[in-house]
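Visitor: Using the sequences and the accompanying hints, generate a full structural model.
Residue 2 is where the sequence shown starts when you use the numbering used here, and the numbers rise one by one after that.
Everything labelled a hint here was simulated from the structure, so no lab data went into it. Glycine residues also receive a C-beta, built at the ideal position from the N, C-alpha and C atoms. Wrong hints could be hidden among the right ones.
[What the hints assert, rightly or not] Listed below are the simulated DSBU-like cross-link pairs for lysine-lysine, each with C-alpha atoms no more than 35 Å apart in a straight line: (1) K21 - K107; (2) K17 - K118; (3) K98 - K17; (4) K98 - K118; (5) K107 - K17; (6) K21 - K118; (7) K118 - K107.
[To be verified] Computed spacing ranges between beta-carbons, pair by pair: (8) E121 - F69: 54 to 64 Å; (9) Y136 - L24: 24 to 34 Å; (10) I134 - I36: 38 to 48 Å; (11) K17 - D68: 38 to 48 Å; (12) Q83 - N126: 25 to 35 Å; (13) N66 - Y103: 53 to 63 Å; (14) G100 - Y136: 49 to 59 Å.
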Amino acid sequence: MLNNSGPRYKRSELEKRVNKDILWSFCILLILCAIGAILSAVYLKSYPDLTKVPFLVYSWDKDFNVDFDCFVNFWSYIIVLQVLIPISLYVSIEIIKLGQIYFISKDINLYYEPLDKPIECRALNIPEELGQIEYVLSDKTGTLTENKMIFRRCFAGGLDCGTSHDNPTGFEINIDYGFRKNVALSLDKHLETGLAKAANEEDDDVYHFLVNMALCNTVVVNSVPHQDNLDESGIQVFQEIELADEIPECPETPKSLGSPDRPTPPSHIHDLTLFTWKAQQLPLMPLQLLRLVRKVLSILLSQRRRNTSRF
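Guide: Structure follows, in structure tokens:
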């Protein structure tokens with residue numbers, strides 16, 4: 002029942018400010034009209050004989066009433082001073098909005114070629130809100146924005162495996178991400194050395210970093226498992242992971258950078274979604290952070306198979 006209040010009308014900041022100014026103008030109009038009506042009554046009552054009031058012919062009438070004349074003068078001043086209310090300003094603003102909407106809909110830079118559709122402006126207050134950022138909403142998964150992310154830089158084993166745009170080092174390689182052909186990626190020397198060592202040493206930090214990035218992109222650390230209330234003074238810390246399925250660039254990046262691709266037999270592929278809830282919790286240690294996903298997956302697989310091969 003709370004959602005049946007009808008559609009909400011979104012007012013722009015300019016419209017809110019104009020409405021506030023009009024309220025003040027209306028209050029000033031009432032004050033001026035009241036002052037004029039009161040002064041007119043004081044002026045009429047200052048004459049003992051109303052027939053001698055200059056420029057007031059109707060005061061000669063025997064039924065003339067000063068209080069009623071004050072009431073009539075109040076509404077007369079409303080008609081005279083009604084120009085304080087900028088009604089024409091509203092009309093001018095709406096016409097200007099309509100013209101701006103027309104030019105926005107005809108802008109070639111806002112044309113969406115895949116669907117062959119121009120931009121659709123469904124409200125007249127769109128031009129007023131352009132360039133006025135009040136709230137920044139971020140979409141982590143990219144479900145709504147369809148993010149196209151490219152691997153640029155990483156930090157593994159205490160080394161910054163990446164280069165800044167101002168002072169590039171290393172060399173560039175072309176990577177095919179599917180949605181963007183031949184993307185130039187600057188490969189850092191630390192990352193190059195780590196990938197070269199990964200062929201012989203599986204304990205290399207860079208190798209495990211890329212493996213973890215390919216397997217998982219989300220790690221939620223909670224003091225108490227499956228509870229929203231966190232105990233900051235807790236001793237034991239638990240990790241809850243979620244396998245990445247919304248970022249295809251994570252598993253593709255290590256392979257594109259030259260990480261060793263080991264063939265996986267069909268018997269080593271398991272459906273983890275059926276028994277993820279059985280995962281045991283691991284205490285968080287500083288040296289186990291980069292290998293967190295690897296160890297958690299090993300524990301998950303050990304519940305189905307006792308003899309689990311090393312990843």
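Visitor: Are the hints correct? Go through all of them and say.
Guide: Structure-based check of each hint:
1. K21 - K107: holds, 33 Å
2. K17 - K118: holds, 32 Å
3. K98 - K17: holds, 16 Å
4. K98 - K118: holds, 22 Å
5. K107 - K17: holds, 28 Å
6. K21 - K118: Judged against 35 Å, a Cα distance of about 38 Å means the pair is violated.
7. K118 - K107: Roughly 11 Å separates the two Cα atoms, so the pair holds.
8. E121 - F69: 54 to 64 Å: With a Cβ separation near 58 Å, E121 and F69 satisfy 54 to 64 Å, so the hint holds.
9. Y136 - L24: 24 to 34 Å: 26 Å Cβ-Cβ, so the 24 to 34 Å window holds.
10. I134 - I36: 38 to 48 Å: holds, 45 Å
11. K17 - D68: 38 to 48 Å: holds, 40 Å
12. Q83 - N126: 25 to 35 Å: holds, 27 Å
13. N66 - Y103: 53 to 63 Å: Holds: the Cβ-Cβ distance is about 57 Å, inside 53 to 63 Å.
14. G100 - Y136: 49 to 59 Å: Given about 28 Å between the Cβ atoms, the range is violated.
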